[in-house]
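Peer 1: The opening residue of the sequence shown carries number 10 in my numbering; numbering runs sequentially from there.
Don't take every hint at face value.
Claimed, not checked - Now the in silico label distances, taken between C-beta atoms and shown as ranges: (1) 144 / 48: 34 to 40 Å; (2) 40 / 142: 28 to 34 Å; (3) 85 / 172: 35 to 41 Å; (4) 78 / 51: 37 to 43 Å; (5) 13 / 112: 17 to 23 Å.
Hint data in this document are derived by calculation from the structure and do not stem from the laboratory.
C-beta: ideal position from N, C-alpha, C; glycine also.
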Amino acid sequence: MTLRSVINFLLFQGVWFLALFLEQRAIILILLIIIVMLCLSQQKQQDMLLLCYGLMISLSFEYLMVEVGFLSFSISPFPLWFVLLWCALLLTINTSMQFLHRTPWYLALLLCAVFAPASYIAGARFGALEVHPVVWQFWLIYGLAWSFMFNFIRIINTYSKKYLLVSEHK
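Using the sequences and the hints given, assemble the complete structure.
Peer 2: Quick look at the structure:
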């Protein structure tokens, strides 16, 4: 793992903890960290594009999950800190989580299905959000759904990266 990947990972972890502990009070600091993540990016054009379609897909998914009743927040449908947390997560795809691009698809799905619900459940224990089915149901159903959604974003990212490389060489 390169130093850039380690820094990217640590910055994301900082956003995660700030979002869960301080929620709306951390907006400015989280925005600054996201700007740093973008400044350190070696693929700014790719990451900006990823933010555009990744946010559209992820927030649509999260909105659906709120509407279905899997999640709830104090601010409906979800607070700004949650949107910014997604921005930071998306900015890890091409840097600290680039190993997922080399991971077999079924393992990438499994990793996401295991670790994503854990993050949401931790957030619920801190009081930042609520998960509504019992924990094992949330872990199973939400984890699988989230895993497919996130890996769909990764697949689009892979194809858009190829497109950007082709258009840069014309």
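Peer 1: Could you run down the list of hints and mark each one as holding or not?
Peer 2: So, going through the hints one by one against the coordinates:
Checking the proposed 34 to 40 Å range against residue 144 and residue 48 shows it holds: the Cβ atoms sit about 38 Å from each other. For the pair residue 40 and residue 142, the beta carbons lie near 33 Å from each other, so the given range of 28 to 34 Å is met. About 36 Å separates the C-beta atoms of residue 85 and residue 172, a value consistent with the hinted range of 35 to 41 Å. Restraint check, residue 78 to residue 51: a C-beta distance of roughly 40 Å satisfies the suggested window 37 to 43 Å.
Checked against the hint of 17 to 23 Å, the C-beta distance between residue 13 and residue 112 comes to roughly 19 Å, which is consistent with it.
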